[in-house]
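Visitor: The task is simple: from the sequences and hints, build the whole structure.
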Amino acid sequence: MADVTVKVNGKLRTASVPPETTLLQLLRDHFNLTGAKLGCDVGDCGACTVIVDGKPVNACLMLVGQADGRDVLTIEGLATRDQLHPLQKAFEDHASLQCGFCGPGIILSAKALLDEVPNPTVPEIRDALSGNLCRCTGYTKMIEAIQAAARVLREEPAEPNA
Amino acid sequence: MAHKTEIGVREQRVTQKTLHSVDETLRLPAVTPPVTYPIETLVPQVRQQTPAVGQRVTRPDGRLHGLGQTRYIDDLAFPGMLYAKIKRAGIASARIKRIDTREAEAMPGVMAVLTGREIPVNSFGPSLKDQPVLADDRVFHAGDGVAAVAAVTEQIALEALDKIKVEYEPLPAVFDPLEALKDDAHKVHAPNSNIYATKVIKKGDIDKGFAASDHIFEGSFRTQMVEHVPLEPHAAIAVWDPNGRVTIHSTLGRITLGRADISRTLKLPLNRIRIIATIVGGNFGGKNEITQEPVLALLSKKTGRPVKGVFTRTEEFIATTTRHPIIMDYKTGVTKDGRILARKVRLVLDGGAYCSWSETTLGKACILSAGPYKIDNLLAEAFVVYTNKTMTGAMRGFGAPQVCFAYESHMDDIAAALDLDPLDIRLLNAFEEGSPSPTGQVLQSVAVKDSLLQAAQRFGWKEARK
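If you read the sequences in order, they're chains A and B.
So in this note's numbering the end of the first sequence lands on 162, straight run, no missing numbers.
So in this note's numbering the end of the second sequence lands on 1466, straight run, no missing numbers.
These aren't lab readings, by the way, just hints derived from the structure by calculation.
Glycine is no exception: its CB is placed at the ideal position from the N, C-alpha and C atoms.
One should not assume that every hint holds.
Label-pair distances were calculated between CB atoms; the ranges are [stated by the list, open to error]:
| # | chain 1 | residue 1 | chain 2 | residue 2 | range |
| --- | --- | --- | --- | --- | --- |
| 1 | A | Gly69 | B | Asp1176 | 55 to 61 Å |
| 2 | B | Asp1241 | A | Met1 | 33 to 39 Å |
| 3 | A | His30 | B | Gly1090 | 28 to 34 Å |
Guide: In structure tokens form, the structure reads like this:
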């Protein structure tokens, strides 16, 4: 068994799990954070995307040992009690999600992009979403939503949950 | 004292009266009065935009999706839940000589193993009941399940699959649909013919039509197999309760149909089966029939615990339905100016190992195979054949996209050969208001030409060709 301590959504959490456990299994099965999804289990679809130390990663490819001592942000940590994250609001307003399975991953990929590039171009957004697949094919509306959220974030630099 | 009592009684009477009147006003009339306000139903006029079109709407469940709070099947868990995995054959055509599950059963953490022989009625399907839940005697394609394991973790279940020893006697196989059509081809479901459904549409006289034509064009088109790839893999959780009822949480798109198939395979009355189909992470036609549900139900019955099964991405490709590859042969007779006089179409659909939704797909592909064109002399023949491959079934359009690719490519070829504008040849032949379809249906609200012209104008078709 491997003892891991991970900061998840701002809170330190520990678990004793088999060493072959992935970060995704840790989040879903041990911490009951089911927002990150298992789509392909080989790092292709991006449904399991979470942000680790500011970078989007495929949680299905990261072993718990690699996540030990690091800072993980999942979709559950994005909204506050009173407020949606501008990305979540924009995705809702633009009806960017259909079946929604890819949504948490896409939103976190977009969040990682907007944290680094406050005013991304469309090619930059596409590039940031290149690791996330949407099979209902809502990419156009997602790009619109990310641009809208970027505008909101630029006007209000103080991020509600930063 | 007496005075006081009287007041009390009077107050009581008043209160009771008030209460009665309140009661009366709340009560519904015994007979509802006829509705006097005018009821106007909103019937959109032909070619008029309905209020919904062009309006921006949001999904009521959109917020939950974005919050990651939507619970898909894999996000659910029940106390004591086990994880199931299915061993895939990995051989396209074989007889199962022996299955040895003893080593897997002895593994710590393995709670139950299931083989095809333990399934009460081992066949199902939306139309033909030709698909086994788990292969028992014969393997018809490499993605066939041959045994299933329920264990306390997914890892143990996967390890246990490797411990199951299956001995196969390889049999001949057929993979090409044209080969499968031949009389001497290996019969996938012997003694039945490989051709398991046909459809023929005859209209007019094609011989006369071809004889009257100035030019005759032939073309052959093929499409490939396509997997739906929903981001959410097929998932289900079965809970068999001690009363002999089973509750199945599943990604099933057609609940009622699935329930009938589960009832058949489990030999359980319908009223003992409850299906909870929650939100689905993408269906596209690929979750229209049952897959592992009876297996999970039986594993749950064996173990007395809830059993969850989630397909791997590989299983999604090899063990669920796909889009039919179709081989489409077209022969069209036209006049000098491009008017179609006769068309002959032959479609050969690769049905894979099982029927699934092939009959529906076959019908739709055949009906639509002539395209949206006025053709007086038509012969369309469609066959769907068994091959030892992953079964093909429902997928968006049920065969319509395949034939659309073929007839439109064919039209382009004809236009190029006759040196006609591809738009003009379509305008010349396209359906009009009241045109009969290949099956004789009189069509209304036909907007083919308008759509073509508007589209051509919007993206500058004529200008681009100058």
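Visitor: For every hint, state whether the structure bears it out.
Guide: Taking the hints in turn, this is what the structure says about them:
1. Evaluation of the 55 to 61 Å hint for A:Gly69 and B:Asp1176 yields a pass: the beta carbon distance comes to about 56 Å.
2. A C-beta distance of roughly 34 Å is found between B:Asp1241 and A:Met1, which places it inside the suggested range of 33 to 39 Å.
3. At about 33 Å, the beta-carbon gap between A:His30 and B:Gly1090 stays in the expected band of 28 to 34 Å.
When each numbered hint is compared with the structure, no violation occurs for any of them.
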